[in-house]
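Chemist: Take the two lone chains, each set in its own frame, and fit them into one complex as the hints suggest.
Going down the list, the sequences are from chains A and B. Last residue of the first sequence: number 299 in the numbering used here, and the count goes up by one each step with no gaps. Last residue of the second sequence: number 1090 in the numbering used here, and the count goes up by one each step with no gaps.
Hints may be right or wrong, so weigh each one.
[Said to hold, decoys possible] Computed cross-link-like contacts, DSSO-like style, restricted to lysine-lysine with a CA-CA straight-line distance of at most 30 Å:
id, chain 1, residue 1, chain 2, residue 2
1, B, Lys1023, A, Lys61
2, A, Lys166, A, Lys256
3, B, Lys1082, A, Lys35
4, A, Lys35, B, Lys1052
5, B, Lys1028, A, Lys65
6, B, Lys1023, B, Lys1082
7, A, Lys267, B, Lys1082
[To be verified] Simulated coverage check for chain A against chain B, where a stretch passes if three residues somewhere in it have a Cβ under 8 Å from a Cβ of chain B:
id, stretch
8, 1–13
9, 18–32
10, 46–59
Simulated from the structure, these hints should not be mistaken for laboratory data. Ideal Cβ positions, reconstructed from N, Cα and C, are used throughout, including at glycine.
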Amino acid sequence: MNVIDKLAIYEDQISPGISACVGCNVELTLRTCMKVLGPDTIFAIPPGCMGGVGVVGWDKKSGAKTPVFFPLLDNVASMLAGIKLHYEHIGRHVNVVAFAGDGASVDAGMQCLSGAAERGDKLIYICYDNEGYMNTGYQRSGSTTKGAWTSTTPVINGKGGKKQNKKDFPMIMAMHDLPYMATMSPAYIPDMVRKLEKAMAVESGLVYLHVYNPCLTGWGCTSDESIEACRLSVETNFAPLYEVENGSFQMSVDVKNPKPVREFIRKFKKFRHLTDEDIDALQELTDRKIDRLRKLCTL
Amino acid sequence: MKFISDYIVPIGPEGLHIVQTGKWRTRKPVMDKEACVRCGMCLMYCPVNSVKKLADGSFEICYDYCKGCGICAHECKKGAIKMVPVKEEE
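Only chain B is shown next, with the shape it has when bound in the complex (with noise of 0.2 Å):
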């Protein structure tokens, strides 16, 4: 078999596997970035690692793998995340 990839070790020789599990979501994570205070418990406790922080110190939600589980706003001391419901289309 040829592989594709440069690797010596076992690892796939077409890559990663991604799951596209931003699809999933039927509800997703709004930040208001007045109420935060950046302590950080939702990059913490984000199961998919969807929350990144930025230069200046201050924390995003990136949506592309987000699948909505609701952590970051149960786990947000102040309750800056709000889950809003996903419409169909978007």
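Next comes chain A alone, as it looks inside the complex (with noise of 0.2 Å):
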């Protein structure tokens, strides 16, 4: 069966209307991992993004078809290691799934994900990564990158922006030693409804799946394009897709002739004040980061 059937005849375990962003590929995202994980899924939601959607539940209501729990920012991965293991006594398989954004992974969440990493839970989790704080008004985390306008690192005068690197969690991750571990964008929907496959046949441990999605609202970019955007990132080897299967590294979309960085730069208002400089340290950056990913992959 191909994907478009796939995706055409599995259920949709998210509530029809969820007041996401007009063309907010993170809903796509999550959409597509709940069709593939299936209704025997319990899944968590910290703040951010996707909690605030509605897909948590308002009231009395519930926003998902599946069990669905609204977390602390910093405890995602410690809640839903218990309810696996109550699971786990109990003798019933369920997938369980954390869909947290970078703020809760990234940055508040981090401890509790690196703990659940080491202790081997076995949990899914997926983190999509918007490279910011987006639901409570664009501010800066860890992951954001070098000289983008946040709110919280504002430019004036065409001066300003965050100063530091992103940080580059996949690759910390990679580096805990998981069953499995991978990138994956919404742009290439087939890659990662096989790594969502993959995931859910790993029985040793946890899994990281991290997703770029560039936020249209956040960062200033039109809807219609909010795909191509995607797309732009792993063309650019700006957000490369790999996986690491038992600290074997491979890449799943091996971009041959990329596309200058620049290209990716200029589509969003958020690097609208970047120099020529800023780009080409960005450009270095990604060149250097590819590399290194490239002779991981050949060990």
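Modeler: Below, the structure written as structure tokens:
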């Protein structure tokens, strides 16, 4: 069965109308992930975009057809570890899934995620990385690219923006020696479905999946170009797609002739003030990272 | 608290929380079925899951929850989907 048929047949586990921004690619990611993971899934969404849009429910109503929790920003992995232990105890197989933003994974929730990874709790942890606390007003996070405008790193007279480089979080998680770690992009849905199916089959520990999702509202981009922006992030090697299985690295989409990073950067308002030198620095960083990744793939 | 539904799990007792996102639309996608080559890109990339596959293999846009983002029109390789402005009375 090809991917289109699968997506057409699988039941959507999320409420048909959720108040995500028009054209939001995180909504696409969430629906695709939950379609593939299926009804035997318990998931948790910490505070963030997908919690705020009503997936975790409102009043006495739920936003999903499967059980959904709304944990704190910093205890997602620990709480789910307990749930998974209970279901193992009663002998029922369920996918226990976290769908967290970069704030809840890269910044605030990092220590409990790292702990769960080290203990080998059998969770599927999906992080949608939109480079900031987009739901509360576009504040900077540890995942924001250097130079980017955010509401806490304002740009005044063409000067400002974030001063520090982005954390390479998928690499940090890969170094936990997980049974499976992968990066995904909503522009490459067949690749995403394949990785999710692989993640569901893992029995030996935590699976970490990192999705790079350019945010339309916070970054300044039109809704039509939502998927185009995701695709450019992969084609410029800015957010390469790779997977790590028991320590062996492999490129999932190997871009032979990458486009210049400038093409991706110039799409968004939040990078509008960047000078040519700033973009060259980002290009250099991207080249260095992809070289390192290619070397890891040959090991 | 009395639960209305029979679920044992903490799911909402009154069912699904649904926002009528179809009312947000300022333009709507219209598919030209003659030009469509049935590649399924619109179904794959629709964030609201509003494209349905019919039994004969063709695709149809369901307008109940479509937010009118324009991704389907942008991703369609054949240009078979056009975005049309929606009038207020619709």
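Chemist: So, for every hint listed, does it hold in this structure?
Modeler: Hint by hint, here is what the structure shows:
no. : hint                  : result
1   : B:Lys1023 / A:Lys61   : holds (21 Å)
2   : A:Lys166 / A:Lys256   : holds (24 Å)
3   : B:Lys1082 / A:Lys35   : holds (28 Å)
4   : A:Lys35 / B:Lys1052   : holds (14 Å)
5   : B:Lys1028 / A:Lys65   : holds (28 Å)
6   : B:Lys1023 / B:Lys1082 : holds (19 Å)
7   : A:Lys267 / B:Lys1082  : holds (23 Å)
8   : 1–13                  : holds (count 6)
9   : 18–32                 : holds (count 10)
10  : 46–59                 : holds (count 4)
Every hint, counting from the list given before, is met by this structure.
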